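Given these sequences and hints, build the entire structure.
If you're matching them up, the sequences are chains Z and B in order. According to our numbering, numbering within the first sequence proceeds without interruption in unit steps and concludes at 285. According to our numbering, numbering within the second sequence proceeds without interruption in unit steps and concludes at 290.
It is worth saying that the hints were derived from the structure and are not from the lab. Treat each hint with caution, since some may be false.
To be verified - Label-pair distances were calculated between CB atoms; the ranges are:
| # | chain 1 | residue 1 | chain 2 | residue 2 | range |
| --- | --- | --- | --- | --- | --- |
| 1 | B | Lys133 | Z | Asp33 | 30 to 40 Å |
| 2 | B | Gln128 | Z | Glu31 | 35 to 45 Å |
| 3 | B | Gln128 | Z | Thr230 | 52 to 62 Å |
| 4 | Z | Ala261 | B | Leu112 | 44 to 54 Å |
| 5 | Z | Thr230 | B | Ala278 | 26 to 36 Å |
| 6 | Z | Asp17 | B | Arg63 | 55 to 65 Å |
| 7 | Z | Thr230 | B | Ser286 | 51 to 61 Å |
| 8 | B | Lys258 | Z | Thr104 | 47 to 57 Å |
These figures come from a predicted structure and were not determined experimentally. Ideal Cβ positions, reconstructed from N, Cα and C, are used throughout, including at glycine.
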Amino acid sequence: MGIIEASKLAFDYLKTDEEGKVESRSRAIDEVDLDIKEGDFVAILGHNGSGKSTLAKHINAILLPTEGTLYVDGKDTRDESKLWEIRQTAGMVFQNPDNQIIGTIVDEDVGFGPENMGVPQQEIWQRVEDSLKKVGMWEYRSHSPNKLSGGQKQRIAIAGVVAMRPKCIVLDEPTAMLDPNGRREVIRTVQELNRQEHVTVLLITHYMEEVIEADKVIVMDQGKIVMQGTPREVFSHVDELKGYRLDVPQATLVAYELQKAGLPLPDGILSNEELVQELTRLIRQ
Amino acid sequence: MSIQIEHLNYIYSAGTAFERQALTDINLDLPDGQFIGMIGHTGSGKSTLIQHLNGLLKPTSGRVLYNGTDIFADGFDLRRLRSKVGLVFQYPEHQLFETDVFTDVCFGPKNLGLAKEEIEARALKALQQVGLKEKYYKMSPFELSGGQKRRAAIAGILAMEPEILVLDEPTAGLDPKGRDDILNQVAKLHQERKITVVLVSHSMEDIARYVERIIVLNHGSVLFDDTPREVFCHYQELEKVGLAAPQVTYLVHELREKGWDLPAEVTTVDEAAQAILASFRQSHQSQQEA
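In structure tokens form, the structure reads like this:
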């Protein structure tokens, strides 16, 4: 059984009038089936309003299914008695770093989560140290978060989640507000957590280059899963992705243009390295 | 309609323990009708600099000249300047507040003291310019999607008919199609109305695709000010200051290292594909001849 399992998961946003009567409902997630294995790195793509964030919010029970079920590490998210266990299993990191940092000193901020879980004092400090080291921010432990760059703030936010020792981290566009360096820092941190600590990662993003190393890519449109597979499989369908308002990495796009012009390149080239390799092979023929 | 910045310095919280120099000796000339990109790491001073362009911030020393006149000179009409230099902040949709989209877009021109017909005509035009469909005009701004809200907010600035449009990360958080739509519309506006556009962005790919000039800020100073081709040739220096070149520029450099005959200053996907194709055909031909 996977760590995240959804079966015919559906969610409606309700619009109510002043008396609380339902005026209209709009379906944000439509019969989604998911099976994510522990330790996987899964990327979710989709245009604004496709249901990605709504789905993400189900995973730590901020939202509950209107229909269907969602199991996180074997626990039904509708079971209120399991709420805190579920939230410890799946931590969330959001887009805006300034909205999720509350401590005035970096290490206090990171300690906030475990403190709320009732972790003993000594262990809190141990966890703070561990998680700050994991995101490469230990040397900033006594800094004020508001003096840090965007990428550093996001890594603090990630450390705050890591300190709660979740099996799974859901990141909802964590790099949307960052400069290129900040984006690299955050993605590298997330990849390391996945590879070294075997934390399951769900990454929502609009930057296609960030997902080429994922185990699996899921594409959502109008609340449904419309494509899924390895990055290579998904990015082979350039036109289909564009139809879903998405994009492909620039290397894939260059390869696609070259293919159209008649160069016999294979489908699904993901990175500069691969394209260079294939082109070198071609020219030697 | 031009702006000159002369020896501009800006210090936050001057004279306190939190004093911090945000901008150091900035000299820039923003002539008519350019499409300018501005890049720099977080905290490099981009947002501080653009707030000087319409007098929201006053230089600690140095001057900002609008058509040759110091904007902080006695008797200068800052209010009029602000209708000429339109600033679209990050996440402008957070500033939507009216009951419906149309009224919100009318807010700017209304404050210029225009007649009702003129206000509505401008709002309508601005909404069309950002490509927002009519069915949204009477809806609450909060019922729109992220991309639509962003457009409504940009329309609010366009309705003031600015001669300089400054956009601070207008596409952060938008999906690729929404990003292309907004930037294409800005480019169209630039072409049709010949307005100056300053685009602040963290996406080197977007910058490479649209602008004719790039200003690179690093720790409050101008590091480069040149065409995209020239600026992105310095990709190693850009990396040192937290930036990068577009991905295709790296691709071309890797191929060059393998002996491909390609120009070094490629910055867009189309340029890369064409250059690779040309080089490929050429070497193929010479192979056959041999």
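Hints, one by one, checked against the model:
1. B:Lys133 to Z:Asp33: 30 to 40 Å: holds, 34 Å
2. B:Gln128 to Z:Glu31: 35 to 45 Å: holds, 38 Å
3. B:Gln128 to Z:Thr230: 52 to 62 Å: violated, 43 Å
4. Z:Ala261 to B:Leu112: 44 to 54 Å: Hint holds: Cβ distance 51 Å, inside 44 to 54 Å.
5. Z:Thr230 to B:Ala278: 26 to 36 Å: At roughly 33 Å between Cβ atoms, Ala278 of chain B and Thr230 of chain Z fall inside 26 to 36 Å, so the hint holds.
6. Z:Asp17 to B:Arg63: 55 to 65 Å: holds, 56 Å
7. Z:Thr230 to B:Ser286: 51 to 61 Å: violated, 38 Å
8. B:Lys258 to Z:Thr104: 47 to 57 Å: holds, 52 Å
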